[in-house]
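Just need the whole structure built from these sequences, with the hints factored in.
Here is what each chain is made of, one letter per residue.
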Amino acid sequence: MAQRLKEVDVVIVGVGMVGTMVAKELAAAGYKVVGLERGQTRATVPEFQSPGIHDELRFDVRKALMQDNTREPVTFRNHGSQIALPVRRWESFLPGTGLGGSMVHWNGQTYRFQANDFQLATRTRERYGKNFLDADLTIQDWGVTYDDLEPHYDRFEYLLGTSGKAGNIKGQIQPGGDPHESPRSRDYPTPPQKEHYQGALFRKAAAGLGYHPFPQPSSNLSQPYTNPEGLKLNTCVFCGFCERYACEHYAKSVPQTVLLPVLLANPNFELRTGCQVQRINLDSTKKHATGVTYIDAVGREFEQPASLVVSSTFAINNIRMLLLSGIGKPYDPASGQGVVGRNYAYQTMSTVASFFDEDVIINPFMASGASGTLINDFAGDNFDHSGLGFIGGAFIGAVNTNGRPIEYHPTPPGTPNWGKAWKQAVVKHYNHTVMFSLHGSSMAARQNYADLDPTYRDAWGQPVLRITFDFPQNDLKMAAHVTAKGVEIGKAMGAKQVVGNPRKGPYTVTQYQTTHNTGGTVMGDNPKTSVVNRYLQSWDVPNVFVIGASNYPQNASWNPTCTLGALTYWAIDALKSKYLKNPGRLVSA
Amino acid sequence: MDRVTRRSFVTGVGAASVLPAATLLTSAQAAEPVKQNSPDASGIATPDVSAADRPTYLFFNAAEVLFIEAACERLIPADENGPGALGAGVPNYLDKQLGGAWGAGERLYRSGPWVLGTATQGYQLPFTPAELFRTCLRAIDHEMTAKNAAFHEMSGDQQDVYLKSLESGAHELDGVPSDIFFDMLLKMSIEGFFADPAYGGNKDMVAWRMIGFPGAYADYYESIDKHGVKFEREPLSLAEDGRGHVHMRPDIPANL
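Chains A and B supply the protein sequences, listed in that same order. So the first sequence is numbered by the numbering used here: it starts at 834 and just counts up by one. So the second sequence is numbered by the numbering used here: it starts at 709 and just counts up by one.
Heads up, some of the hints might be wrong.
[Said to hold, decoys possible] In silico BS3-like pairs for lysine-lysine, Cα to Cα no more than 25 angstroms straight-line:
1. A:1037 - B:872
2. A:839 - B:934
3. A:1119 - A:1065
4. B:938 - A:1329
5. A:1120 - A:1414
6. B:872 - A:1324
7. B:938 - A:1337
8. A:1120 - A:1361
9. A:1329 - B:934
10. A:1261 - A:1329
11. B:934 - A:998
12. A:1261 - B:872
13. B:872 - A:1253
14. B:855 - A:1261
15. A:963 - A:998
16. A:1037 - B:938
17. A:1361 - A:1411
18. A:1253 - A:1329
19. A:1414 - A:1119
20. A:1162 - A:1120
21. A:1037 - A:1329
22. A:1253 - B:895
23. A:1037 - B:934
24. B:938 - A:1324
25. B:855 - B:872
Just so you know, the hints here were simulated from the structure itself, not pulled from any lab data.
Encoded structure:
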């Protein structure tokens, strides 16, 4: 029997970046806020310190910072006709756990999406006609525009101290930046990081081909920075242990370095770790949440009543929280009806490997998670798709983040998987190869979705999330097209051998691609095709807000974190200026 | 506990295959270097590991050691670039990992029902890594015994043929498709070769030296924009003390 606790104003489910931001703002506004985090508390000191943190086996291979999949797995299948099976070890994507959430182990790649992305369905129809899209695609507009979000992008970048070079300030194109970016109100808070050799080789080749290389916007900082919250960050030293690791140097912008100390000092906020939220509780009308039920680390069950519930867990966990709570109609791919779990999307990742002679010393281990150089000439809708038969694109960049050798030892095609020839190829190419990432958009499709698994359970006895996903043909065509462009750049760098690896189906959970899972609780203007309105408020239960990359109707050509930060500030603004003054629907259904 | 000399293993592999798992093989007992394959033309190998460097095996039994040492050295052989799996201590890494939490299924979701599924769904067997190795190594030993053969006595080329047949999934090892076992063996061998020496492989950071990876070293601020210049520095282990001695800690947990 659950012990009923004293009611609070706000309960936050998941204290990662989003939860920290919402809690900090609402606690500062005078509301009593409880943050429930399933994982452990952790801080730069002592948990993230060297030398233990620089352990490839522990953090890269064995996924030490990730969601405990032995207690809380997901199941997966490519198609609805198959039996979904548990992802028994994380590989393809890596949801984090613990205070600070997945952002603790991010790479710090801090892109904005473009204006086009937020109105993708409308603009695609306008530019290419209404019959251009493949029939299976279910893309839609976001219900917010880039202009709505610009001030919030700006605020988030200044919270992080992002190091970059503007390409477009209020419509004025800036030399050295990305000319394709949508207008920003001012430059980045700190200048770009130093460019590594891979980036320099790429820059020269890409510029020579008439493209527009620019430095990767990085939240591993180029210089010391004090953010508007008064927190100080250090200069990144390019240790090459960024993604899947926590930063020991206070140089990566994560909740612990940019905001948590402020939140934790506020007596209006209470953090409870080791708390696994089972569901959001509804009253008998099913239109009003009364709080949440959770089980603590010792196994005790509690009911935490609250006036407002914010689900701010990792994207796939947001979907599951709503399904377990009976909030919103689950999506049915057969009829196309229902919304929760609909438009689950991902990222379409391809690579190009450029093998150089042994006199070209690359030093791949000198890097931050975001110290590369890239082009957006083939991203989004920055090129004409007429006659190509697909929409979307990818950035192409020399954005390799490390030389950690268990997982990074590139060899040319034809090299055996083991034996003398394998070893010789590893030794020969390790320090003389440039890897490009081609970071592609992921279009929502009718057959791709998430729901509750009928068979497998988590450690608390609840159904786990079932993901049904394969790459739509649209995205595979995009990957082939953009990879060919990447190969041309590799050749222009003067590499001896250039190998393009366009993403091909079927999607597999056995190979790391990205942790950019999106959709499933998408935002929009129409309750028949979205779970939350443009302020990220549940259409069905107005005192529940759901915030995560699960809100994205489809995924764009860039890493999703910065857009999520902007959306979070956008939703916080609506909470503070509208909802909390007069709780109720912010948009009429 | 049975105690058997190295010589008796080498000469009596058939008997060794039925020895209890608890059999210990220590450096002192392993006075005779085991016969190993190196890439020389003769096909009969010469050892590249001195007896004093031989690890104490705690997980693998004596028969398993013969296979594991020989197989790992074919996967990552010694060559002109430097030591292979044996010289780097890869079998020791495997032994310590399989005998520890990882071998017992650390970070592996282990509830049924069990269905083999599609290749895109990944590993779906009920076995922990330790159980998988035990099961498959026993099955391999039975296969060899039935053919009156011993893997570690084959020529290098013959060993490669056999390993390739495992890799292709051609064998069923007591119900386990052999490619699943081979993939785990290869993956863990590469881990042991390149992981921090704290885990018991990558001895003296030989694999890092071979490719020029500086290990746990953590500051390239002054070097990163000196483009194309080789970074000359001794690699650093995370378990290195002030005198440069690396302390073995194979039991580091796979969480924070």
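Outcome of the hint check:
1. A:1037 - B:872: Violated, at about 43 angstroms.
2. A:839 - B:934: violated (60 angstroms)
3. A:1119 - A:1065: violated (45 angstroms)
4. B:938 - A:1329: With a Cα-Cα distance of about 20 angstroms, the restraint between residue 938 of chain B and residue 1329 of chain A holds, given a limit of 25 angstroms.
5. A:1120 - A:1414: holds (19 angstroms)
6. B:872 - A:1324: With a Cα-Cα distance of about 35 angstroms, the restraint between residue 872 of chain B and residue 1324 of chain A is violated, given a limit of 25 angstroms.
7. B:938 - A:1337: violated (36 angstroms)
8. A:1120 - A:1361: holds (16 angstroms)
9. A:1329 - B:934: With a Cα-Cα distance of about 22 angstroms, the restraint between residue 1329 of chain A and residue 934 of chain B holds, given a limit of 25 angstroms.
10. A:1261 - A:1329: holds (13 angstroms)
11. B:934 - A:998: Given that 25 angstroms is the threshold and the Cα spacing comes to 22 angstroms, the pair holds.
12. A:1261 - B:872: Distance ~24 angstroms between residue 1261 of chain A and residue 872 of chain B Cα, so the pair holds.
13. B:872 - A:1253: holds (14 angstroms)
14. B:855 - A:1261: violated (39 angstroms)
15. A:963 - A:998: Violated, at roughly 37 angstroms.
16. A:1037 - B:938: holds (21 angstroms)
17. A:1361 - A:1411: With Cα atoms ~24 angstroms apart, residue 1361 of chain A and residue 1411 of chain A stay inside 25 angstroms; holds.
18. A:1253 - A:1329: holds (22 angstroms)
19. A:1414 - A:1119: holds (23 angstroms)
20. A:1162 - A:1120: With a Cα-Cα distance of about 13 angstroms, the restraint between residue 1162 of chain A and residue 1120 of chain A holds, given a limit of 25 angstroms.
21. A:1037 - A:1329: The hint holds at about 17 angstroms.
22. A:1253 - B:895: Measuring from Cα to Cα gives roughly 16 angstroms; hence the hint holds.
23. A:1037 - B:934: holds (16 angstroms)
24. B:938 - A:1324: holds (23 angstroms)
25. B:855 - B:872: holds (18 angstroms)
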